[in-house]
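Starting from the structure of chain A, add chain B where the hints point.
Chain by chain, the residues:
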Amino acid sequence: MEKSKKSRNIALEKRQIDAAKLNPAHFAPLYNTYFKAIYIFIFKKVRNEAIAGDITSKVFLKALLNIKKYKHMGFPFSSWLYRIASNEVNLHYRSNNKNTTVELLENDVISLLDEIKHPEDIKTQEMMINALNNLPLPTAELIEMRFFEKLSFKEIGAVLGLKSVTAKIRVYRAIEKLKKQILHDK
Amino acid sequence: MKKYKINREHKNTPIPSDEVIAKYKNFKQLNVSYNEFTKRPKTPLYKNKKMFLFLLLIGLIAWLVSENMFDNHEENEKTEISK
Chain A
0 MEKSKKSRNI
10 ALEKRQIDAA
20 KLNPAHFAPL
30 YNTYFKAIYI
40 FIFKKVRNEA
50 IAGDITSKVF
60 LKALLNIKKY
70 KHMGFPFSSW
80 LYRIASNEVN
90 LHYRSNNKNT
100 TVELLENDVI
110 SLLDEIKHPE
120 DIKTQEMMIN
130 ALNNLPLPTA
140 ELIEMRFFEK
150 LSFKEIGAVL
160 GLKSVTAKIR
170 VYRAIEKLKK
180 QILHDK
Chain B
0 MKKYKINREH
10 KNTPIPSDEV
20 IAKYKNFKQL
30 NVSYNEFTKR
40 PKTPLYKNKK
50 MFLFLLLIGL
60 IAWLVSENMF
70 DNHEENEKTE
80 ISK
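In order, the protein sequences belong to chains A and B.
With numbering that gives the first Met the number 0 applied, the first sequence corresponds to residues 0 to 185, in that order.
With numbering that gives the first Met the number 0 applied, the second sequence corresponds to residues 0 to 82, in that order.
It should be emphasised that the hints constitute simulated quantities derived from the structure, not laboratory data.
Idealized CB from N, CA, C, for every residue including glycine.
Some clues are possibly wrong.
With a cut-off of at most 27 Å between alpha-carbon atoms, the simulated DSS-like pairs for lysine-lysine come out as follows [to be verified]:
no., chain 1, residue 1, chain 2, residue 2
1, A, LYS178, B, LYS2
2, A, LYS122, A, LYS43
3, A, LYS43, B, LYS22
4, A, LYS57, B, LYS2
5, A, LYS43, B, LYS1
6, B, LYS27, A, LYS70
7, B, LYS2, A, LYS116
8, A, LYS176, B, LYS4
9, A, LYS70, B, LYS38
From the derived model, a few chain B residues whose C-beta atoms are all more than 10 Å from chain A [to be verified]:
no., residue
10, ASN47
11, LYS49
12, MET50
13, LEU55
14, LEU56
15, LEU59
16, ILE60
17, LEU63
18, ASN67
19, ASP70
20, ASN71
21, GLU76
22, LYS77
23, THR78
24, GLU79
Label-pair restraints from in silico Cβ distances [stated by the list, open to error]:
no., chain 1, residue 1, chain 2, residue 2, range
25, B, ILE14, A, PRO135, 25 to 33 Å
26, B, LEU56, A, GLY73, 51 to 59 Å
27, A, ILE115, B, GLN28, 42 to 50 Å
28, B, ASN25, A, PRO135, 36 to 44 Å
29, B, ASN34, A, VAL164, 36 to 44 Å
30, A, LYS162, B, TYR45, 49 to 57 Å
31, A, ILE115, B, THR37, 43 to 51 Å
32, B, GLU8, A, LYS70, 41 to 49 Å
33, A, LYS61, B, HIS72, 50 to 58 Å
34, A, ARG172, B, PRO13, 26 to 34 Å
Only chain A is shown next, with the shape it has when bound in the complex (with noise of 0.2 Å):
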């Protein structure tokens, strides 16, 4: 039943890009679709309503200049407009020359240090930040996903253009370095 309504959609999915190939009015269902999910994607990496706003037109106006090269890979359409916003919010920093700083909250950090089985007092809390500011990026962006931006496996395997399963291994692997790291720091 829930494979049947699921592959429903995809193919739902697949007539709308077809349809908006054709015609950039009728990719109308899939902003409508997308829009909130990829705000709230953007927003939580700037922290700014206006910003966000900002890149995600820019998402979506990339999207449907680009949608006649779009090709269907296996992967949902989101995984394509995720790639795209997390390109956007890279290319935002970049040309303001800007350092990021993403502002964790405090909750988040504990839930990880729960996770890999540490304290959770302030000292160990710094330590963990000094880990993860040491980690390469993209094994840091992967634990900053699933533990901060709180996306789930499937979401992170859309974003990396990769299968859930996958970006769960990727993701426990990332977090075996991160206490490696924790461990070589102390």
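Below, chain B alone, put in the same frame as chain A:
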């Protein structure tokens, strides 16, 4: 360069409400931007000052080249007749 730091002031991520998100949602504007990118400009090229000068310059060069070729051709004909 990306750096992480802890924000101890806020306990939860204040995600904007649906009303706020709806404020930024505008498909009509997206269509306008798309048309600006894809449709040709309405003013003809020669009405653009820079483009007009560029076209004039190309026309002038073409005229000079053709004149030069014509002169050379005439000179060649004259030398052939005198021979």
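Verification of the hints:
1. LYS178(A) <-> LYS2(B): With a Cα-Cα distance of about 18 Å, the restraint between LYS178(A) and LYS2(B) holds, given a limit of 27 Å.
2. LYS122(A) <-> LYS43(A): holds (26 Å)
3. LYS43(A) <-> LYS22(B): At roughly 18 Å apart (the allowed maximum being 27 Å), LYS22(B) and LYS43(A) satisfy the hint.
4. LYS57(A) <-> LYS2(B): The given pair, whose Cα atoms are some 25 Å apart, holds under the 27 Å limit.
5. LYS43(A) <-> LYS1(B): holds (15 Å)
6. LYS27(B) <-> LYS70(A): Holds: LYS27(B) and LYS70(A) sit about 25 Å apart, inside 27 Å.
7. LYS2(B) <-> LYS116(A): Holds, because 23 Å separates the two Cα atoms, which is no more than 27 Å.
8. LYS176(A) <-> LYS4(B): holds (19 Å)
9. LYS70(A) <-> LYS38(B): Distance of about 24 Å is within 27 Å: holds.
10. ASN47: Check passes; 24 Å lies beyond 10 Å.
11. LYS49: The claim holds: LYS49(B) sits with its nearest Cβ about 26 Å from chain A, beyond 10 Å.
12. MET50: holds (25 Å)
13. LEU55: At about 34 Å from chain A, LEU55(B) clears the 10 Å cut-off, so the statement holds.
14. LEU56: holds (33 Å)
15. LEU59: holds (38 Å)
16. ILE60: holds (36 Å)
17. LEU63: holds (42 Å)
18. ASN67: holds (46 Å)
19. ASP70: Correct as stated: the minimum Cβ-Cβ distance to chain A is 51 Å, above 10 Å.
20. ASN71: holds (50 Å)
21. GLU76: holds (57 Å)
22. LYS77: holds (60 Å)
23. THR78: holds (60 Å)
24. GLU79: At about 60 Å from chain A, GLU79(B) clears the 10 Å cut-off, so the statement holds.
25. ILE14(B) <-> PRO135(A): 25 to 33 Å: holds (29 Å)
26. LEU56(B) <-> GLY73(A): 51 to 59 Å: holds (53 Å)
27. ILE115(A) <-> GLN28(B): 42 to 50 Å: holds (45 Å)
28. ASN25(B) <-> PRO135(A): 36 to 44 Å: Holds - the Cβ-Cβ distance for ASN25(B) and PRO135(A), about 39 Å, lies within 36 to 44 Å.
29. ASN34(B) <-> VAL164(A): 36 to 44 Å: holds (42 Å)
30. LYS162(A) <-> TYR45(B): 49 to 57 Å: 55 Å Cβ-Cβ, so the 49 to 57 Å window holds.
31. ILE115(A) <-> THR37(B): 43 to 51 Å: Given a distance of about 50 Å, which is inside 43 to 51 Å, the answer is holds.
32. GLU8(B) <-> LYS70(A): 41 to 49 Å: This hint holds: roughly 45 Å between Cβ atoms.
33. LYS61(A) <-> HIS72(B): 50 to 58 Å: holds (55 Å)
34. ARG172(A) <-> PRO13(B): 26 to 34 Å: holds (32 Å)
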